[in-house]
Each structure stands twice: as C-alpha cells, then as structure tokens.
Amino acid sequence: MARDWQPDFEQLFEEHQSMVFSLVFRMTADRGLAEEIAQDVFLELDRNLAKIDNPLHARHWLRRVAMNRSADALRRRKVRGVDLWVELDENHGVQEEDRGSPLAARLERLLCSLPEPHRAALVLRYQEDLTPEEIASVLDAPLATVKSNLQRGLKLLRAKAEGHLTEFVRTRARGVSIDGRL
Amino acid sequence: MDGFEDRETGAQAEFEEQLRQAMERRPAPPSLRQKVMDHRQQRKAERSRLRLIWMERIAATIVLAAVLSGAFLWRSTVQRRKGEAARQQVFTALRIASRALDQMNRQLNRNNREDQ
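Taken in sequence, the protein lines are chains A and B. Take 1 as the starting number for the first sequence in my numbering and just add one per residue. Take 183 as the starting number for the second sequence in my numbering and just add one per residue.
In short, the hints are calculated from the structure, not lab data. Wrong hints could be hidden among the right ones.
Taking lysine to any residue and the SDA-like style, the derived pairs with C-alpha atoms no more than 20 Å apart in a straight line are [unchecked claim]:
#1 B/K226 / A/D8
#2 A/K78 / A/K51
#3 A/K78 / A/E15
#4 A/K160 / B/R225
#5 A/K160 / B/E190
#6 B/K217 / A/F9
#7 A/K160 / A/L114
#8 B/K217 / A/D46
#9 B/K226 / A/E44
#10 A/K147 / B/Q194
#11 A/K155 / B/A227
#12 A/K51 / B/R225
#13 A/K51 / A/E15
#14 A/K155 / A/K78
#15 B/K217 / A/K160
#16 B/K217 / A/A105
#17 B/K226 / A/K160
#18 A/K160 / B/R222
#19 B/K217 / A/L33
#20 A/K51 / B/R222
Note that the coordinates shown come from a computational prediction; the quantities given were computed from them, not determined experimentally.
Next up, chain B with everything else stripped away, as it sits in the complex (with noise of 0.2 Å):
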C-alpha cells in the first residue's frame, strides 16, 4: 500500500513539474511595445491638450471677471462724481436762498423800523 502512495506521489510530483515546465512564461509579442507606448504619447497628448484647453478657460474667465470688475468700479466711480457735483449743487443753491432770505429779512426789518 505504501509503495502504491510512493508511486502515486512521485507520479504527481513530476506531473506538476512537467506543467511547471509547460507553463513557462512566453514572450510577449513585439508589437504590444509599440502599441503600448502609442497610446501613452496619444494620452499624454491628449491629456496636454486638455489642460491647455482648461487653462485657456481659466485665463478668459479671469480676463472676462477684470473686466466686469473694472467696469463695475468705474460706474460706481462715475456715479460717486455725480452725486457729489449733485451734492454741491444742491449746497449752492441752498447758500443762495439764505443769503436771499437774510436780504429779504434785512429789508423787511428796514421797512418796519421805517414805518415805527
């Protein structure tokens, strides 16, 4: 029995060592080189492309945000000059009706010493 098991495992050993041998790795065809290293430049340049693109993006959105800001601001600028010539027009008027106003109280008070 146990020259049997001996005969078995020794059958099974050189069995697993003839597929071992079977199952050498094999090369790999030339061409998968070639092909492999092609799609990596075409993702490389690919992928370039794609960030020229997005930072060609970024750049107009940064261009396009100066230029709303710029406009915002000088119409703001132009609206504070506005108000402020509006302002001083407004004080100018309102120092040439009090001076009329003290004219006309100054006469008024003439008048009425004139007719006491």
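Bound-form chain A, shown alone (with noise of 0.2 Å):
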C-alpha cells in the first residue's frame, strides 16, 4: 500500500527539536549531555525515515527513543560513578538564563533529584501531557507501574517542594528581621 505521507527530516527537526531536547535534559539535567543525545536520537530518526508511516508515529518514535536514550546516558554515568547531583549543582544544571519564575525553576532542580522513573514518568506527564497509558507505550512499562511511578514521584516532588518552600520562607524572613536591625 503507497504512502500518502512522505516524511521530510529537516520539517520533522523543526517541529519536535525543543520537545526532544527538553525530554532529554530534563532527564539527564546536564546542557551539553542532552544535545549530544538529542543529536544522536535525530541521526538515528534520519537513518530509520523510512520505517516512519505518519507524523504522529514520528512524535511518539522521537519520545521513546530520547527517553531511552536519556535511561542508557544515566545508566552509563552511574556505571562510571559520577555524582550526577554534585555535576548538576556545578556545571550544567538548570541555567541562569533558563529560568523561568524562581518557583518553577526550583521545581524543575527539585524534578532532578527524583529516581530516573519517577521522573521519567513525570517529564512525559507534565511536559508532554500524556496520558498513563500514552506513557506506558512511551517507556514500554505496565500501565500500574507508570501509575505508581507518577503518584510516588509527584508525592515525593510535593513533599521536597514544600519543604524547600518553608526553608526558602524562613530564610528570606531571616534576611528581612537581620536588614530590619541594620
């Protein structure tokens, strides 16, 4: 059967680059990291573009493999035993000049701390508003596990926010009485 749809690789760039790259980084937490895995997950669609049948099959091919990607580059740096979190708070992580809102941005250092599936499961939820069951295609994992990853992972992030939240509180309130005296 002929294809009506004939994928263009630079279109398909266009479209899903900051998706990928976003999908990455935020699993990885590391600039340099997630472009170089991004690169490779747009090399590896040039080399498969004729397996791809339609746009949404391109969308969802670009996330399993950025998320498997990003599982076998974190894989890899605990192998070689790199404290991701120290190298996050010193070279790459969530950037100056990224930053949204401080809320977001601590909530987006705060996604890193998180074990790789909560997070993954989180990223897919949060960022690319998928369902469950969209998830569980994405990462090949059980429908209940994905739902547990989420509720624990979004449990876990709330718990971290909010103490991070009283802390970040009660040391601006700090900062405010010790300028008062002054």
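Assembling the complex is the task here: the two chains are given apart, and the hints tell you how they should meet.
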C-alpha cells in the first residue's frame, strides 16, 4: 500500500527539536549531554526515516528513543560513578538564563533529584501532557507501574517542594529581620 | 473532613499546574540544528562514497568475469580448431593408407593371375 505521507527530515527536526531536547535535558540535567543525545536521536531518526508512517508515529518514535537514550546515558554515568547531583550543582544544571519564575526553576531542580523512573513518568506527564497509557507505551512499561511512578513521584516532589519552600520563606524572613535590625 | 479533602485536592491541583508551567518545553540550543545537519551531510557524503566504492568493485568484478570468460572461450575455440585440424589430418592419412592398400591389393591380384 502506497503511503500518502512522505517524511521530511528537516520539517520533523524543526517541529520536534524543542520536545526532544527538553525531554533529554530534564532526564539528564546536563545541557551538553542533552544536546549530544538529542543530536544522536535525530541522526537515528534520519537512519530510520523510511520506517516512519505518519507524523504521530514520528512524535511517538522520537519520545521513545529520546527517553531510552537518556536512560542509557544515566546508566552509563552511574557505572562511571559520577555523582549527577554534584555535577548538576557545579556545572550544567538549570542555568540562570533558562529559568522562568524562581518557583518553576526550583521545581525543575527538585525534579532532577527524583529517581529516574519517577522523573521519566513526571516529565512525560507534565511536559508532554501524556496520559498514563501513552506514557506506558513510550516507556514500554506496565500501566500499573507508570501510575504508581506518577503517584509516588508527584508525592515525593510535592513533599520536597514544600520542605524547600518553607526553608526558602524562613531564610528570606531571617534576611529581612537582619536587614531590619541593620 | 470534607473541607480538608477539598483543600487537599485544590492544593494538589495547584501544585500540578505549577509543575506543568515549570515543565514547559525549552528551546533547543541553536547549535543543535547546525550539528545535526552537518552530521547528516557528512553521513550522506560517506554513504555516497561507499556506494561509489561498491559500484567500482562491482564494475571491476564484471570486467574481470568478462575477460576470464572471453579467455576461456578463446582457448576452447583454439582447442576445437586444433582438434578439427588433427581429425582432418588423420582422415587424410587414412585415405592415403587406404589408397596404398588398394594399390597393393590390386598388384597382388595381378601377380597371382600371372603366376596361375
């Protein structure tokens, strides 16, 4: 059967570069690595362009490969024994120019401290607005696992966010009172 | 109790909304496009170079096969011609021998008749 849709690599790149980069960046928390992985993902797409049937398939394929590659990179990093969070703080984490509101930046930073399966589910849920069924399909995981990861991840993130927010308010209040005394 | 649950649900929804806002897609770095396109170009060039090498190999194989089969055909033609010439020579020799034998036979018959 002849296909009506012919994949155009440059168009697909333009449409999905931000999605792929954001997914990988939020998974790895490293701009340089994210750029490298995003590059690999698109080159892989170029190699497999003939197998892509339609725009939806392309998007699903890109999400899936981006998440797999990110997981591989995290695994390799773990094997190499690099402490992601130290590296995140020191080098590549959420940079000043990337930050929107301070709260958003804080949430994004806290997200990086979650375990990988929780983070993957949350990124796909809140960045890509996918349903648990779609997330399960992208991650090739059972639906129940995805639902549990979403629930636990959200709970963990909320607890961390509340703790940080209380600390943040306390620090600021202390700062104001010191300023007031001065 | 219902009031607490309502507040909790509201807080959860608010948190999820904040999370959604915090997780907006980021623009990819401008260098990504350049890098991807450069790599793609390089790979295309490499692929066409490899294709050319393969085509050269195939062409060389075809030429070699043609030369070898030509040589084989030429050799078998030469051998066939040599065989044909040898057969003709054998026939000629047989014809000469047969004629000589006939002559001898005739001579013997004539001698026999004279003796009788």
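For a quick check of understanding: which of the numbered hints are violated here, in increasing order? 2, 3, 4, 11, 14, 15, 16, 17 and 18
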